[in-house]
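Student: The lines below spell out each chain.
2 protein chains.
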Amino acid sequence: MYGEAVSRLVVELKRLPGVGQRTAERLAFHIVQMPREGGLSLAQAIREVKDNVRPCRTCFNVTEADPCRICADPGRDRSILCVVERPQDVLALEKLGAYRGQYHVLLGAVSLLEGVEPEDLTLKPLVERVKKVGSEVREVILGTNPTFDGDAMSLHLRSALEPLGIKVTRLARGLPSGSSLEGASKAILAEALEGRHTV
Amino acid sequence: MYGEAVSRLVVELKRLPGVGQRTAERLAFHIVQMPREGGLSLAQAIREVKDNVRPCRTCFNVTEADPCRICADPGRDRSILCVVERPQDVLALEKLGAYRGQYHVLLGAVSLLEGVEPEDLTLKPLVERVKKVGSEVREVILGTNPTFDGDAMSLHLRSALEPLGIKVTRLARGLPSGSSLEGASKAILAEALEGRHTV
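Top line first, the protein sequences correspond to chains S and P. Just so we're aligned, residue 1 is where the first sequence starts under my numbering, counting upward by one. Just so we're aligned, residue 1001 is where the second sequence starts under my numbering, counting upward by one.
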């Protein structure tokens, strides 16, 4: 229907999350029609990310420096470690600005369905990091997603870390702030009820 | 929040249509985490589009050959010309498969609001193309979007082409007003093509 270069671009764009045929075509035609410099500068930005961004060897967050900015920051609390699935989760917590500890990125989620085991993730480096002589970690917060698979990961982490005398906590579950009871799923309501506490 | 390369990529992605901060971050993190070859091949596809795709000198559709595939096709009806705003509109009509004439792409739309006049588009080359010795064009279909500004363009085209003895028709108002050709279903497009009439 359109030429080879455009077809190839559509195919490449469709690999991106949430981009189907129609969106890929819309983006491709936009790129075709944008000024040449704009297109090349997008291509260059992608190249640079692939060339310069890698996982931090300490926490596995994406970084251009190694160790990453957070691991290297002497102002961050080294006694507390939040374990999350993806770099995006670090970003979400950093945007919040309320967490001053460090992170460990699993680079994925345990998935029974897709056969992803805790061993496929960065669980081993996490345990080594906590065990290491000189480690100041006293508490590990499980920040995995509130899903069945996230829970499975929680159990794995707890059994790996509790023997080391580390306090293992997890992010609270309940009704999302600003939502309504009416709109909450049964699972959300059940957990909200389960986790009720004195006020 | 994140490093320079990722920030730059987010900025570049936000220039794409329909991509806000959140989507740009999601896409950027996906690109960061995809295999290196995948990222480079996306960057390369963008580069190639910018290097190889240009407007056809006859119809101004985007093309990798010049004249484009449609202008060069001896099987297409040269007596009929459909004038559309953007290359995407050609794609939409080609996907329909019911139109066997040729095209002329205006590379934009008249916009009173944004001060885009017919003279800023490829109106002059269109008139020259129709006037040219040997031109077989007998009918020009106005395929501009069914909007107020599209109508303004219709009037301009009619006054430019009717003196040349060209029959000027326009797509029927089967198209929902205020929408775009790109977003129209095949059924809507087919009705619009079928119901075209003299203006």
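A few of these clues could be false.
Claimed, not checked - With the C-beta cut set under 8 Å, the calculated list includes, among others, these residues of chain P facing chain S:
no.: 1; residue: V1053
no.: 2; residue: T1122
no.: 3; residue: L1123
Claimed, not checked - Heads up, simulated DMTMM-like pairs for lysine to aspartate or glutamate below, C-alpha to C-alpha not over 25 Å straight-line:
no.: 4; chain 1: S; residue 1: K132; chain 2: S; residue 2: D77
no.: 5; chain 1: P; residue 1: K1014; chain 2: S; residue 2: E37
no.: 6; chain 1: P; residue 1: K1014; chain 2: S; residue 2: E94
no.: 7; chain 1: S; residue 1: K14; chain 2: P; residue 2: E1162
In short, the hints are calculated from the structure, not lab data. Built from N, CA and C at the ideal position, the CB exists for glycine as well.
Student: Can the hint on V1053 of chain P be confirmed by a CB-to-CB distance to chain S that is less than 8 Å?
Tutor: holds (5 Å)
Student: Hint check: K132 of chain S vs D77 of chain S, CA-CA at most 25 Å. Holds or violated?
Tutor: It holds: about 17 Å lies between the C-alpha atoms, which stays within 25 Å.
Student: Assess, step by step, whether the Cα of K14 of chain S is no farther than 25 Å from the Cα of E1162 of chain P, and give holds or violated.
Tutor: Outside the cut-off at roughly 44 Å; violated.
Student: Are the Cα positions of K1014 of chain P and E37 of chain S separated by 25 Å at most?
Tutor: Roughly 15 Å between the alpha carbons, so the hint for K1014 of chain P and E37 of chain S holds.
Student: Does the nearest C-beta of chain S fall within a distance shorter than 8 Å of the C-beta of T1122 of chain P?
Tutor: Violated, because the Cβ-Cβ distance from T1122 of chain P to chain S comes to roughly 13 Å (cut-off 8 Å).
Student: A closest beta-carbon separation below 8 Å is what the hint needs, so does L1123 of chain P meet it against chain S?
Tutor: violated (18 Å)
Student: With the threshold set at 25 Å, check whether the alpha-carbon distance from K1014 of chain P to E94 of chain S stays at or below it.
Tutor: holds (21 Å)
In the structure shown, a violation is registered for the earlier hints numbered 2, 3 and 7, in ascending order.
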